[in-house]
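Assemble chains B and C onto chain A, guided by the hints.
Protein chains in written order, with this note's numbering: chain A, 1 to 323; chain B, 1 to 145; chain C, 1 to 362.
Hints are computed from structural coordinates only; laboratory data are not their basis.
Since this is a predicted model, take the numbers as computed values, not measurements.
Any given hint could turn out to be false.
Unchecked claim - In silico BS3-like cross-links for lysine-lysine, where the CA-CA straight-line distance does not exceed 27 angstroms:
no., chain 1, residue 1, chain 2, residue 2
1, C, Lys89, B, Lys140
2, C, Lys310, A, Lys72
3, C, Lys310, A, Lys76
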Amino acid sequence: MSSVSSMSQLTREIRESARKLLRDGQVQVVIGFERGSLPLRSRPCFVRREEDIDRLVWDGCCETNLARYLPKRKEKAAIVAKGCDSRAIVELIKENQVHRDQIVIIGVPCNGMIDGLLIEAKMGRGSIVEDEGSAEKLILKRTNSEEILDRTDFLHEHCKACTHPDPVLYDVLVGQPSAEAAKDTFSDVEAFGARDEEGRWAYLVHEVGKCIRCYACRNACPLCYCPECFVDASQPRWVGKSTELSDTMVFHLIRAFHLAGRCVACGACERACPMGVDIRKLNRKLQKDVKDLFNHEAGMSLEEASPLADFRVDDPEQPMVDP
Amino acid sequence: MMESDTWEPKIVAFLCNWCSYAGADLAGTSRIQYPSNIRVVRVPCSGRIDPLFILASLQKGADGVLVSGCHPGDCHYLTGNYSARRKFAVLKSLLQYIGLEEGRVQFSWVSAAEGTRFAKVVEQVTARIKALGKSKKLVKEIPGG
Amino acid sequence: MTSMTSMTSMTSAIRANTRLLRKKRMESFLEALLQDGLVFAPVRKGEMLLFERIESARDAVLGQRNTKNSPKSALFPQTERLFAYRHHKEGLAIEAASTGDKERVLFGVHPCDARAHLLLDRVFGGSTEDPYYAEKRRKAIAISIACTHPDPSCFCLALGGGPCSQEGSDLLLLDLGDSYLVEAPSERGRLLLEDKSFEDADEESFDKAELIKRTAESSMQPAAPLWEKATDEGMEKPLDALFDDPLWNDLTESCLSCGICTYLCPTCHCFDISDEAGAVTGERIRTWDSCQFPLFTRQASGHNPRPSAKERFRQRIMHKFSHLPKNVNMTGCVGCGRCVTECPVNLDFREVLLALSKNEAT
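For reference, chain A alone in the conformation it holds in the complex (with noise of 0.2 angstroms):
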C-alpha cells in the first residue's frame, strides 16, 4: 500500500497542477490541504489566488473528505483528492450533487492516514511540536528530542484495512499509483456478527452513550447534503434533542440506513467523532449487505444506480412470515 513518491514529491506535484489550473483559468477555486495550527494536523483550505499555492501540502493528516465541500459549489473548483474522496465523488455526480465537468479532480495515492490518538497514547498529549509526515517513517520533534516511528503502525484503522487508495476517478493523477490493496472480507463485521444478541447490544448501548449529538459526523460527511436532516425535523418530530439513548440510536440506525449503498467508508464520520464513537460499525455492516443483497459497491461506477434507490424483479426473497 505504500507510495513510492515521498510526502515533499506529492507536495510539489499537487501545487504544481493547482497553479496550472488557477493560472489557466480552469478553475475558481483550489480546494486541497494546509498545515494546521496544531503538530499532526492538517486541514481544509480553499486557495483562490495564485500568490496562496504554496500553502497547499500533502502529507499523512489530510485527513478531511473534502468531497464534502462540493455540493451547492456554484464556481469551477480543483479538488484534491485521496482513494476515499473520489468515490465520494462519485456518488455525489450519480445524485446530482456536482457536475462532472464542474470539477477538475487531482488524484492522490493514498498510502493512509496517521490516528493523533494512537500517537498521543504513544507519546503522551503535547509533547509534540513538529512532525514530518513522510511516506515510509513518521518523524516526530519533541521540545529536546526526536523519534522516528514506522507510520503504519499508527494509522487509522480504517486506513489500514482501505481496499481503494487511489482515486478511481481523476483527472490528474500526481504520485505513484499504490500496489494492489486487499480485497474486502468484512471480517470485522462477520466477527461481530457471531457475537451473542446481548453483547451486541451492549455494545452498542455504550458505543451510542457516548454520543453527544454535535452531529460532527453527519457533517463530515460528503454523502449527507439534506437540507434538512431527518434529525432536525419538527413536523413531524422523529427524534427529540436530547441524549436520550433510544433517540440518540434511532439517529445512528437511520443515519446509517439513509447512507446504505452509499457510504464509501472513508471514515470522515469517526475521525470527526469528538468522543470516539465507534460509528462505522452501523456502515460497515450495511457496506456488506449491499454487496451481499445487491451486488453493489458505492463509489465505483457512475452508471450503477444507488441500490436502495434501485430494485430488481427477481430481487432474492428475504425471510418473511409465510404460513
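Frame of chain A, contents of chains B and C only:
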C-alpha cells in the same frame, strides 16, 4: 390484568391499503378469528414505509412491528413493493446485527383475497412476539434533570 | 481590590488560608465528600478523560490534561428536566424538577474551567435568574487542581486567567509531589480547610509551590495577545468595525457547522426547550443547543438570518469577544483550547482573530 402471565404484546401493523389492509378486512368480514394484539396503520403502499416508522413504533413502546404489502408483481403502484423489499431486507439485517431480538420486526405479503392468510400471519407474529416478552431495547425514556 | 497594609500581613493572610493535603489522604478526603453529596471529577473512559459523576473516590483521575468535555455539565446538564406533567380527570398536575438538597462538588477542575463558571454565573444570574442553574450553583463547590504542565494548546494567560489562577475556585490544589498545597480563595473553601484531612503547610512547601507556579506560567506558549494591536479597551470596538470584512468568508469556509466547539466549551450556554409528550404524561426538557447549527436561527418562514457557516462562526466570535463583554462585563472565553484541538477541520479562532486584527483599519 396485572399479572405478567396475562401480558399481551402491542403490535403495530403497517398494512398497505390495496392488498394487506383489504386482506385484513376480508378476514374480518369472514369472521375469521385472529389475535387482537395488532394496531393497524393503513398506508397507501408498503413502499411508503420509512424505517423511521418502525423505529418510532418501537420507541413508543410497541412490542413488535409488522409490515405487510402486496405480493411482488401485484403492487397497485406497480413497483412500490420492490423498493420496500430492498429496504426491509437491509433494515431487518441491520436490526438483527445490533442485537434487536429476531422476530420483533417482521414483514409479509398478503393479498386482498387472503383473509385466512392474514389471520395466520397475525397469529404467527403475535405468538413470536409474546414469546420474546416485553420490548425494552429501543423504548424511549427521558432522564430526569 | 483589597488594599494591603503590608506585604507581611498579606502573606500571612494568604498563608492563613493555605494548608497541605498529603496525597495518601486524598482518597479518604474524596470518600468523605462522596458521603455528603454528589461528586463530579475527571474519569478515564477508554482512552478519553471525561468529567462525570463519580461514585467511588478511586474513579477520579487527577492532575492529567484537561477532560474532553467541560465541567459545566455538572451545573448545566446537556439534558435537564424542567418539569413533568400529567393529565387528570380534574385537570393538569405539574411537578417541578428538583435537584434535591445535596451538595455538589466539582473536583479536579482545571483553573480555566473554574473561571468559566464565573461567566455562566453572570449569564444565568442577574435580574432574570435561571432557577435550574442557580439551585445547583448555590450548592456547588469547585475544588480545582492547578495546571503544572499546561498543554501547548492552552492559552488561558491570553484571556486573563492562568494555570494557577484561583478565580472561580473554592479550593485550589497545587501538586508538590507527595502532597498538594491547598489554597482557599473563597469563604466556602476556608470552611472546608478546617477538615482534619488538611495539615499546616511548612515554609518548604510554600517555596516549592512558588517555583512550580512560575515554571508552569513560563512554560506556556508566550501569551501572545489574541488581537495584534492589543488595547486596554479590549476587542469589542475593532471587532464591531470588522463585522462586514470580506475576510470572514475565507477564514470560515472550512467550518462544518457541527456543535463540537460549543458543546465542549466551558462557557457556551445556549439551550433549546422542548416537550416530550405522551398521551397522558409528558415532560418539558431543556437541551444544549448550538449557534453553529443552521437550525439555530431558522425562522418559521424559512428565512435564516445566519444562512452559512460564515455568519454563524462570526456570531460566535462576536458573542464571546464583543457582546458578552458589553452585556455582562466579561469575555466569553477562558482559553481552555478545546475548540482548537477538537475541531475536525482545525479551524482555530485565534488565527481568525489575528488575521482580522491585521486587517484592522488604522
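Structure-based check of each hint:
no., hint, result
1, C:Lys89 x B:Lys140, "holds (26 angstroms)"
2, C:Lys310 x A:Lys72, "holds (15 angstroms)"
3, C:Lys310 x A:Lys76, "holds (20 angstroms)"
In summary, this structure violates none of the numbered hints.
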